[in-house]
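Enquirer: Here is what each chain is made of, one letter per residue.
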Amino acid sequence: MVFSRSAIAFLILIAAAALPVSAAATSEVLPPAASVKGWQLREHVRTYAPDDLYEYIDGNADLFRSYGFADLAVGDYAPAEAKGWVSVDVYNMGTPLQAFGIFGAEKPPDVKPAPLGAQGYESNGLIAFWKGAYYVKVSLAEGEDKQGARRLAQAAAGRIAAEEAMPAELRRLPSEGRIAGSERYVKRGALGQALLINTVSAQYRIAAASPQQGDGSASSRAALAAPLGDSVATLYISDLRARGPSLATLPKLRKYYVEAGMSVARLPRLAKGTFAVRDEFYGEMVVTRAGKFVVIAAAAEARREQVADLAGAGAAAAIAALPTPTAGTRASQSNSAAAACPAATAQGMACPVGGSCGTSAPAAH
Amino acid sequence: MDRSDDGKELSRRDFLLRAAAAAALGAASGVKISEVSAAVASPSQSAWMKFRVLGRTKLQVSVLGMGTIKVENPAVLRAALDKGINFFDTAECYQGGNSEVKVGKGLEGRRDEAIVATKWHTDGSTPAKELLDSLDQSLKRLNMDHVDLVQIHGAESARQVESDELWEAFTQAKKAGKARFNGLSTHGNQVEVIRAAIKTGRYDAVLPAYNALIGERVGGVIAEAKKADVGVIAMKVLQPAHEGRSTNDAFKGLEGNPFQRSIQWVVRDTNVATGIVDMPTFDEVAENCAAAAASPSRADLDEFERAVALVSAGSCHLCGACTGQCPQRVRVADIMRCRLYCHGYGDRQRASELYRALPASASAAACLSCRQCRVVCPWGVPVQGRLEEVHGVLA
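These protein sequences, in sequence, are chains F and H.
Start counting the first sequence at 1; every next residue gets the next number (the working numbering).
Start counting the second sequence at 1; every next residue gets the next number (the working numbering).
Hints are supplied without guarantee of correctness; some may be wrong.
To be verified - In silico lysine to any residue, SDA-like type, Cα no more than 25 Å apart, as pairs:
| id | chain 1 | residue 1 | chain 2 | residue 2 |
| --- | --- | --- | --- | --- |
| 1 | H | 105 | F | 263 |
| 2 | H | 105 | F | 197 |
| 3 | F | 146 | H | 136 |
The hints are simulated quantities; they were obtained by calculation from the structure and are not laboratory data.
Remember, predicted model here, so these are calculated numbers, not experimental data.
Only chain F is shown next, with the shape it has when bound in the complex:
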């Protein structure tokens, strides 16, 4: 069979339109005109940069910029044989972690998950997903063709050449008891604390306290009243490695809670400086650290010991998720770390961050 030169060029164009994009321009994530049967791209694609994003999403631009927004491409698609249109917004958030972060920030509670990208959902008039560094929102007016919108969303997802994997940073969160889909990333200001940056979090099911374990406090009574397995706790792990030494972080956080008039108690069984506090919104909280990670566990209805257990598990998991040091480094560190750092020793490893978990001898780290 012989193809003419123009036919070959045409075939190449068709093939290129169907191929996923990787590091290409954000607008290339938008399905090309007529690539989704029955839908046409209306007019030109609109693009926005950090400085003019507010022209499209008003004040919400500040939220996107705080998560590292790079640029946005918007395509309006019209059905060939009906009125109305569907808008596809492709936000390039720079990294998968940031795309995951903004997706979680905007995701309404209790929405139906949709099998799109790494994570997706459908709610009234909106289909949203993230994949790679992109966060994609497909909006449709009431009465519009939802199936068509789904096809457009799927086509956009198919054009992003990235794995549908969760961000590697979530490996810091222990997997046992974790509630699937509850994971989040908050770039700065987790729990309203400026110190807490690069925070991953997830919810956990924890066993409700048994009568033998109750300590008589109001929180304990509430935990006892809950059916077994109904208690939910949240674990937050903030990565402060970019900020340098973090020895002062726990005292600073503690100072805030003390000055806010909350009851704060030391909790020596975890790293040095660990404290517990009863917070109005988060309930029983345990604040600890591991190396340059700040680890906070909180539960509205649980005993302090249970919350502390979760915090301890989070501290161990955060350290365990770090890349394994090379053999030479490990050998040179292990002698001093084993003595100074029971947590690391229990993990069978040297302190891999060269930092301090503060467990017993912070000066040694």
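Starting from the structure of chain F, add chain H where the hints point.
Expert: This is chain H only, laid out in the frame that chain F set:
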């Protein structure tokens, strides 16, 4: 316990009741009370807050209001209340609606201490029923039976502002007790939008961007609004500090923190009832309240203005004032945007694509044969030179 200026102790509730009564008395007697100069302190005594009247609403609002776009912990709203902030601004789209949920949680049990504003999206033609449904959804997320202020989100034209359909929605929302007052927010075309709002006589408040960078352009119309008893809520208050930090060393050597000075610059304008600042952390609440409570000297603010002038001089603000000025119909604003993409964001490929997508007659090619540029930039950008430069780099 709070204190008035003369040291007499007042609870926050006492103060607000007295201030409201004074305003009501003033209104009844025909005396216009537009500002209450008393200050109240927070229960923690760590900050003092001033309050002003929000135009015809007669609501007493703290001069510093809280934006809630990035709020994570609802307790931050309570910390703000404790420090005297009583104005909270949210919107149906912030965090996909999650901001309203957090505002509701944060103000639970203290709703009567707060003035809550939210927004609805409309291009002016949205049916009243859709807008009212949007407000119902907002109230559900806020877990409140009413908001104090509902605003058009991002009004851009007089046509939007004058819409009868919109007025119908506002009227019904008020009649149903779901919104006490109505207003609008505006980012683009602010002067036209605010003037139209004043002219209709239908708006209780306006929410424009206002700060030391754009003060000259917007200050006049803000004064007009105040004179017409339309309450002014300022947003983008911190923009000078953000731009100064990212563009050059303009703030090097400045006495004081540029973020706090940005707040003080807005607050010092009594045409503004409240300036809203997004503050997702406890630290920011404390820092911003301290700024709003302080009284910087004229010299301090003059120094800040000089630093801001360095930030803005010769920088394109994408304000669009150049649109339509060129008799050759060169699309100056579009070309300046291409320049920003190229030099500001370092994305030369994209800038080039956008520039080449312009019709040849609208590109800066025409400048090369004209050389009689009549385009005047309010920010002092040397337009002709910049356009020729863009053409040379991106054509």
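Enquirer: All hints are to be evaluated individually against the structure, with a verdict given for each.
Expert: A quick look at each hint next to the structure:
1. A hinted pair counts as satisfied when its Cα atoms are at most 25 Å apart, and residue 105(H) with residue 263(F) qualifies at roughly 22 Å.
2. A hinted pair counts as satisfied when its Cα atoms are at most 25 Å apart, and residue 105(H) with residue 197(F) qualifies at roughly 23 Å.
3. Pair hint residue 146(F) plus residue 136(H) holds up; C-alpha atoms about 24 Å apart against a cutoff of 25 Å.
This entry satisfies every hint, going by the numbered hints stated previously.
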